[in-house]
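Colleague: Line by line, the protein sequences give chains A and B.
Going by my numbering, the residue at position 18 of the first sequence is 25; the numbering climbs one at a time, nothing skipped.
Going by my numbering, the residue at position 256 of the second sequence is 263; the numbering climbs one at a time, nothing skipped.
Because the hints were derived from the structure by calculation, they are not lab data.
Watch out, some of these pointers could steer you wrong.
Pairs count within a copy or across copies, as identical chains cannot be separated in the list.
[Unchecked claim] Straight-line Cα separation of at most 25 Å, SDA-like style, residue types lysine to any residue; simulated pairs:
| # | residue 1 | residue 2 |
| --- | --- | --- |
| 1 | 285 | 84 |
| 2 | 81 | 332 |
| 3 | 342 | 112 |
| 4 | 285 | 116 |
| 5 | 68 | 296 |
| 6 | 81 | 286 |
| 7 | 342 | 97 |
| 8 | 226 | 26 |
| 9 | 342 | 108 |
| 10 | 226 | 14 |
| 11 | 81 | 312 |
| 12 | 214 | 193 |
| 13 | 342 | 109 |
2 protein chains.
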Amino acid sequence: MDLSIEARALSQALHKVIGVVQHKSSQPILTCVLVSASRDGLVTFEATNTNITVSVTLPAKVDGEGSVAIPARKFAEYLGTRQEGSLQLLQSGEGRLAVVSSTGRGELPALPALDFPATPKFEGMDFSEIAASRLHQILGQTIRCASTDESRASLVGVYVHEASDGLRFVATDGHRLAVSRPGDGFDWPLGGEGMTLPTRGVEELRKLIDGAENVQMAKAENHLVARTVDQQVCMRLADGGFPDYEGVIPKANDRNAAVDRGALLSAVKSVSVFAQTKTSQVEMAFGSGALTLAAQSDSGTAREEIAADYDDVELRIGFNYRYLRDALESIHDEKALFVMGDHLAPALIRPESSEEFICVIMPMRIS
Amino acid sequence: MDLSIEARALSQALHKVIGVVQHKSSQPILTCVLVSASRDGLVTFEATNTNITVSVTLPAKVDGEGSVAIPARKFAEYLGTRQEGSLQLLQSGEGRLAVVSSTGRGELPALPALDFPATPKFEGMDFSEIAASRLHQILGQTIRCASTDESRASLVGVYVHEASDGLRFVATDGHRLAVSRPGDGFDWPLGGEGMTLPTRGVEELRKLIDGAENVQMAKAENHLVARTVDQQVCMRLADGGFPDYEGVIPKANDRNAAVDRGALLSAVKSVSVFAQTKTSQVEMAFGSGALTLAAQSDSGTAREEIAADYDDVELRIGFNYRYLRDALESIHDEKALFVMGDHLAPALIRPESSEEFICVIMPMRIS
Numbered sequence: 008m009d010l011s012i013e014a015r016a017l018s019q020a021l022h023k024v025i026g027v028v029q030h031k032s033s034q035p036i037l038t039c040v041l042v043s044a045s046r047d048g049l050v051t052f053e054a055t056n057t058n059i060t061v062s063v064t065l066p067a068k069v070d071g072e073g074s075v076a077i078p079a080r081k082f083a084e085y086l087g088t089r090q091e092g093s094l095q096l097l098q099s100g101e102g103r104l105a106v107v108s109s110t111g112r113g114e115l116p117a118l119p120a121l122d123f124p125a126t127p128k129f130e131g132m133d134f135s136e137i138a139a140s141r142l143h144q145i146l147g148q149t150i151r152c153a154s155t156d157e158s159r160a161s162l163v164g165v166y167v168h169e170a171s172d173g174l175r176f177v178a179t180d181g182h183r184l185a186v187s188r189p190g191d192g193f194d195w196p197l198g199g200e201g202m203t204l205p206t207r208g209v210e211e212l213r214k215l216i217d218g219a220e221n222v223q224m225a226k227a228e229n230h231l232v233a234r235t236v237d238q239q240v241c242m243r244l245a246d247g248g249f250p251d252y253e254g255v256i257p258k259a260n261d262r263n264a265a266v267d268r269g270a271l272l273s274a275v276k277s278v279s280v281f282a283q284t285k286t287s288q289v290e291m292a293f294g295s296g297a298l299t300l301a302a303q304s305d306s307g308t309a310r311e312e313i314a315a316d317y318d319d320v321e322l323r324i325g326f327n328y329r330y331l332r333d334a335l336e337s338i339h340d341e342k343a344l345f346v347m348g349d350h351l352a353p354a355l356i357r358p359e360s361s362e363e364f365i366c367v368i369m370p371m372r373i374s
Numbered sequence: 008m009d010l011s012i013e014a015r016a017l018s019q020a021l022h023k024v025i026g027v028v029q030h031k032s033s034q035p036i037l038t039c040v041l042v043s044a045s046r047d048g049l050v051t052f053e054a055t056n057t058n059i060t061v062s063v064t065l066p067a068k069v070d071g072e073g074s075v076a077i078p079a080r081k082f083a084e085y086l087g088t089r090q091e092g093s094l095q096l097l098q099s100g101e102g103r104l105a106v107v108s109s110t111g112r113g114e115l116p117a118l119p120a121l122d123f124p125a126t127p128k129f130e131g132m133d134f135s136e137i138a139a140s141r142l143h144q145i146l147g148q149t150i151r152c153a154s155t156d157e158s159r160a161s162l163v164g165v166y167v168h169e170a171s172d173g174l175r176f177v178a179t180d181g182h183r184l185a186v187s188r189p190g191d192g193f194d195w196p197l198g199g200e201g202m203t204l205p206t207r208g209v210e211e212l213r214k215l216i217d218g219a220e221n222v223q224m225a226k227a228e229n230h231l232v233a234r235t236v237d238q239q240v241c242m243r244l245a246d247g248g249f250p251d252y253e254g255v256i257p258k259a260n261d262r263n264a265a266v267d268r269g270a271l272l273s274a275v276k277s278v279s280v281f282a283q284t285k286t287s288q289v290e291m292a293f294g295s296g297a298l299t300l301a302a303q304s305d306s307g308t309a310r311e312e313i314a315a316d317y318d319d320v321e322l323r324i325g326f327n328y329r330y331l332r333d334a335l336e337s338i339h340d341e342k343a344l345f346v347m348g349d350h351l352a353p354a355l356i357r358p359e360s361s362e363e364f365i366c367v368i369m370p371m372r373i374s
């Protein structure tokens, strides 16, 4: 390999893929980034954790093609100190890659490109274009509610499927459920058969589409591939079915309260300073025209009162403040609507003006 | 206590003093900030680790005077969520302080002000004004070389004394020595008798004077007090004498090399990526007109060559790259001058154009 490239562009490309590289691994190749230069003047940086592969392609002056795997973090650290002008990447003797600048030269040990896990290759994939910003929003709304318990593989991600009322993105961790229903204006061309996008894959996908106008996506076997002009994310879909969540969505709740979303979010953050560490509980008391939040622990107490469109009997209900905060931060509307039953029934929270996004939270017994 | 104050100003004042508050302590009072309101419309926030006391005074609408000690971090955390409008601080029943906003109220446990360690009071202190920016620079140049080994109390700080050639600020950790000689233009009115400002005290003092034009300082017994209009730092000076360091400054070194400071600093940072973790060594090779830096370890090798005004015999000398970096970052000149003997003799590094600041570094045996 022998190529020349602008130093800053090289450093930026590496940073786009380094997120999936293992810090430590019993397989040293998984701590590497694969650098491949082709005669058509392109260099590709590729990183993988075997389930998710991210790659970036850049134009470069290629004088000799080839591929090598380089320890990613030392490579990035060295490039961080050489951000001026252009750099030459040059294979140097056996198993080394040299980074040559106008003032000096660094050499890193390289591993054979052949040892690098092969990116799945799919024949005749059919890519379709999706509007990026809406997908970014939907994934952001739902991913917060995904489980972080790796032993429950089917819950660690966002489930996409076609329901009777249209396409849905769903995530749950067993205590709360987020459902985003993008509606007719959103085109999802990957089929209505359910698939679960793993959490890490969703994170990389959101990075890829952040700020992009469109993204091309395709599904093949048990993988999803998303790409823009110069970047690609390939993720293995989660195995196993997603639980039947429909029954969790409350249908009979009949106590509605509309609350200014920003004021409530601010109040939740404020009182939660004094929530008990063990329970994270804040108490909400819906009364005529007003909502009072309160929390208390050894470190202090706090209470906030804000206006609420509510005219039912007083209802005191306890929630984990993190779930409330996540739900409110996922709502893009001036007012949040709480649809509740009694103090033990799952509560539904959604934008007042639409049902495109709903969040269901199990209440806690008030301590 | 009953006072009203702008929320953001309150939060900012607390952040200025919170640095010295213990995170945890067997004495809960040391995790607190003392809040004192006086009838003349001033509120003071005071924090201490018993050696260093920092205070900030703000105007407020005081309707009832008084003092209480409040757990500093929970107080700051709660104030962080209430940064709009004004807040009332109100003593609430026995041992509580209420923070009342337009929408709610938080209450924190308070400890009696009497339990808070008393700030040393000195009779008739004679304050003198010092130019803040030069002092900020001098302390910044020297403090990096102070020891961090708390068991060597006399080395954990900056020693200020009047030498035969004028005032000096000195710090050492046994491997390197920094000496700042501000010269006639700098007025230090606290006397020529040596005193060691402790590292934490220097940090708080640098915060205090950062951006200020002048600062008032006074010395009384074994304390130094520095103040601006609304802030004060009081530090207990380090006990015990500072070692006799004069002999460490090389007098017989006769090999001089002047090097572009920025280029060398960049080269040091670059090659140090591949320095061995255990030794942190980079090798410098001064040759005719050029300086070569190199480092190698299992993670790779690097070499940088830059121009140097040097015309002596080739000299290879090894340094801990952190010491080199600190010395170069403390030099405010286009060129750094290396004054060396042989590869085992302490090297002197200073700005080429002045001897106001010197740094002496012990070389390492080249491995």
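Colleague: Now tell me, hint by hint, if it's right for this structure.
Modeller: So, going through the hints one by one against the coordinates:
1. 285 with 84: between (40 Å within a copy, 18 Å between copies)
2. 81 with 332: The answer is between: 19 Å across copies meets 25 Å, while 38 Å in one copy does not.
3. 342 with 112: This pair counts as between: shortest inter-copy Cα distance 23 Å, intra-copy 59 Å.
4. 285 with 116: between (48 Å within a copy, 19 Å between copies)
5. 68 with 296: neither (68 Å within a copy, 33 Å between copies)
6. 81 with 286: The answer is between: 18 Å across copies meets 25 Å, while 42 Å in one copy does not.
7. 342 with 97: Neither: 58 Å inside a copy, 33 Å across copies.
8. 226 with 26: Only inside one copy: residue 226 and residue 26 sit 23 Å apart there, 53 Å across copies, limit 25 Å.
9. 342 with 108: Between copies only: 22 Å across chains, 56 Å inside a chain, cut-off 25 Å.
10. 226 with 14: neither (35 Å within a copy, 53 Å between copies)
11. 81 with 312: For residue 81 and residue 312, only the inter-copy Cα distance (21 Å) is at most 25 Å; the intra-copy one is 53 Å.
12. 214 with 193: within (20 Å within a copy, 53 Å between copies)
13. 342 with 109: between (58 Å within a copy, 20 Å between copies)
Checked against the numbered hints given earlier, the structure breaks hints 5, 7, 10 and satisfies all the rest.
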